[in-house]
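A.B. asks: Listed here are the chains, written in short residue letters.
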Amino acid sequence: MYEIDPERIDLAREFRAQPLGRHSGELQRVLNRMRGGPNAGRYILVCTERHKEWRLGRMGARPGDPIEPVPGHVFHSSLEAEWVVFKLRWQELTGRPLTLD
Amino acid sequence: MLEIVGYADRHSVRPGERLKIMVSCEAGAKRFRAQLARLICGDDSPIGPGYKEQPIANAANGDYPGRRQTIEVGSSVVVPPSPHFDTLHSFSLQAFVWPTLPGRGRQTILSLWSEPGRTGLALVMDEDGGLALLLGDGKHEEIVRLGAPMIGREWYFVAASFDADSRRVELYQEPLARRARDGSAALKQATVNLTPKMPQGASFLMAAHGAGEGDSPLMAGHFNGKIEAPRLASRALTRAEMEALKQGVPAALEGSVVGAWDFARDIPTDRIHDLSANRLDGAAVNLPTRAMKGHNWQGEVFAWTQAPEQYAAIHFHDDDLYDAGWQPDFDLTLPDDLKSGIYAVRLSCGERHEQQAFVTFFVRPPKGQATAPIAFLASTATYIAYANSHHGWNDPLSEICYGALIDLGPTEMFLDQRPDFGRSTYDIHADGSGSCFSSRLRPILNSRPQHRIWNFGADLHIIDWLEASGQAYDVITDEDLHHEGVALLAPYRAILTGSHPEYHSRVMLDAIEAYLGRGGRLMYLGGNGFYWRIAWHPSKLGVIEIRRGENGTRTWIAEPGEYYLACTGELSGLWRNSGLAPQALVGVGYASEGFDVSSYYRRLPGSFDPRAAFVFEGVDKNERIGDFGSVGGGAAGLELDIADRLLGTPPHALVLASSERHSNVYVTTPEELMSAYPGIDGIEDPKVRADMVFFETPDGGGVFSVGSIAWPGSLAHNHYDNNIARITGNVLRRFIDPKPL
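Quick mapping for you: the protein sequence lines, in order, are chains X and W.
Per our numbering, the first sequence runs over residues 7 to 107.
Per our numbering, the second sequence runs over residues -7 to 733.
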């Protein structure tokens, strides 16, 4: 399995600059690792106001299990959420917080 | 969570006709309001054209009392009440079973049981997954358990007998496969302390038991898995007699057999045939899956029509659903002069998004009339295929395919918690098996405006553009096309598809082919079209069936030997596997998909051929085509089609333009790959593109295909003044012109 190199801050910068669209091969591997795997515990967005507000949640162990809210995260754009979840996953997968600038 | 939902009894209606509207106020609203509206645009996103509707005056508009209506989900077989059931004392029950969720609660295999009355008998798979016999005399219940869990997805012969004189019970659970270290074979003899009383006037049920009072049909204890060759006898048979009864009704047992049901008969229907002299025929309820491999399938026959006796099993699911069966809240009679179009009854029990529902339907022109030179063919088979789909979040591959976080709105949160609203053909059942059927006779929560720009919502972008262009149009539907064939299309100079006309029966494809062969013109304004081969249920309106076969972009895969449709006996799967790839019909066929961002087209040499000059009037030779739009920012996106001579693209077809620079999230579809290999994404694989194609058909007809689902999302850009709208309009005008192409 691909392991994310916590030294490759350049890939995080690339993602922050453009969360959607064409990415370098190495960034795509990072994203595949973050987005792959089973659904249990997967970060998802719960839309709380149509086109305006989203909150963060995590999926349960099985389909139909309640979404577990992740407090402290309210988003006003999906791209904002992509970056926050990227950082959360980076820390979970590398054991290191992601700090840029 | 949604607070109001509803549906209509019909999808396609004519002016002057009547619909019944069924509504449920899920959060207890005491009243709701109904308003008929003509739908123009469903896209209420900040980057879209905005939500547009025209309210239509109607006597049915107004306030109504709210109530909550429930859905009985789960399939079964019901054999109507018979004196043979009422008078049972001793008995035997037997069947082959292939359980799929042993250990997930008690599940009833065969029953003559009243849960509220605590009377009767039920052969069940108990909480531990082992066979058990439940008996009740109205005061007490007694259960005899084997205590040996069955293994999921393995065949067993199961049986129970009861002798009333001795109160002796025998239970048999016999795995059909011989394997080492298998502890699931079990038998038991026991004496019980009661003599069961049969519930009087009760139905004999398979895969469920009766849980209602009086006339209530409520059922419970639904079984997940296959049942085959169920038998009921009026005395305690010996094991040898049970063996003899497996294959039919031997003469020696005729006097003892109450019913011997053969699921291999009448497979395309809901009829359940009793082989016994009693002829206690039953009916399948809520669309369990028929034409399923039985215990005797050996991998030599693959079409059930060739050996029905090897397809004598029915697969039942506790989340199967045909008809929600709600009581109508009001009738809606359409005005005689109502224009053909896409309509909805907007239901509201408040102002918030969750308090608004749309019961959508399609109004055709009056019978025998075309009221416009063109018709928009609404992809109702696709809408039904995706009805109430859960795969967008339940499938672990969703996020990696979207290239973006999963976003659950009120509709998805509601469906996530409400299996009673049924499955789409994209979903798997609770037991992991694929959902082969989908029905429109239930609230379809994802075919509405102000929802995702996908299928129904995306198709409204085409309607919005037609309205903005002042172009008269009629609306017809896939279901109409299946029932009426080419006669439905014949009055029109041109037919416009939606963004995603993915599902077609043989009749539908034949009709389009015949139309094109007679000078008709088709504008295929989407992608991934003409892809899956389906059947419409021959007797139950509004139901489609599919088997997702050996290739294709799938969310589940049918079991080997189960690729043929129960409704018709046809091979399902991709039309490509039936020798009719989409390229042969419309010049392009599905090759890749991705869902993060869309891209644009560039003109190719074919676009400069004089035959195609009309397409590009007003478009510069170096223009990027469609580098804008409300679907991913481009006209080439989501699911993409390409031309391929070897798959049937006509030799004279002009490839006018191709898209380029798709992202890593776009990948080639499996049926395009001989084997798995690196380099199949949008950056590396040249097959990841949309081709725009034009070709002439006999007698002056023609086809224009854009090969991209995202195309309609670009029509409204810059107040409808853009090169996507220009090209679409150029083609439309030329296709309306009767001069042969």
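Mixed in with the good hints there might be a few duds.
[Stated by the list, open to error] Facing chain W, from chain X, some residues (calculated, C-beta under 8 Å):
| no. | residue |
| --- | --- |
| 1 | VAL52 |
| 2 | SER83 |
| 3 | ALA87 |
| 4 | TRP89 |
[Unchecked claim] 20 Å max Cα-Cα, derived SDA-like pairs, lysine to any residue:
| no. | chain 1 | residue 1 | chain 2 | residue 2 |
| --- | --- | --- | --- | --- |
| 5 | X | LYS93 | W | ASP399 |
| 6 | X | LYS58 | W | ARG444 |
| 7 | X | LYS58 | W | ASN569 |
The set of hints was computed from the structure by calculation and includes no laboratory data.
Here the structure is a predicted model, which is why all the values come from computation and not from measurement.
All C-beta atoms, glycine included, are put in the ideal place defined by N, C-alpha and C.
A.B. asks: Checking hints one by one. Is X/VAL52 an interface residue toward chain W, by the C-beta closer than 8 Å rule?
C.D. replies: holds (5 Å)
A.B. asks: For the hint on X/SER83, just tell me whether its beta-carbon gets within less than 8 Å of chain W.
C.D. replies: With Cβ-Cβ at 10 Å, over 8 Å, it is violated.
A.B. asks: Hint validation: X/TRP89 versus chain W, beta carbon distance must be below 8 Å. Holds or violated?
C.D. replies: Result: violated, 11 Å to nearest chain W Cβ.
A.B. asks: Holds or violated: X/LYS93 and W/ASP399, Cα atoms, limit 20 Å.
C.D. replies: Status holds; Cα separation ~18 Å.
A.B. asks: If you draw a straight line from the CA of X/LYS58 to the CA of W/ASN569, is it 20 Å or shorter?
C.D. replies: Outside the cut-off at roughly 44 Å; violated.
A.B. asks: Below or equal to 20 Å on CA atoms is what counts here, so check X/LYS58 against W/ARG444.
C.D. replies: holds (15 Å)
A.B. asks: Quick one, is the X/ALA87 hint okay against chain W at 8 Å, beta carbons?
C.D. replies: holds (6 Å)
Hint compliance for this structure: hints 2, 4 and 7 are broken, all remaining hints hold.
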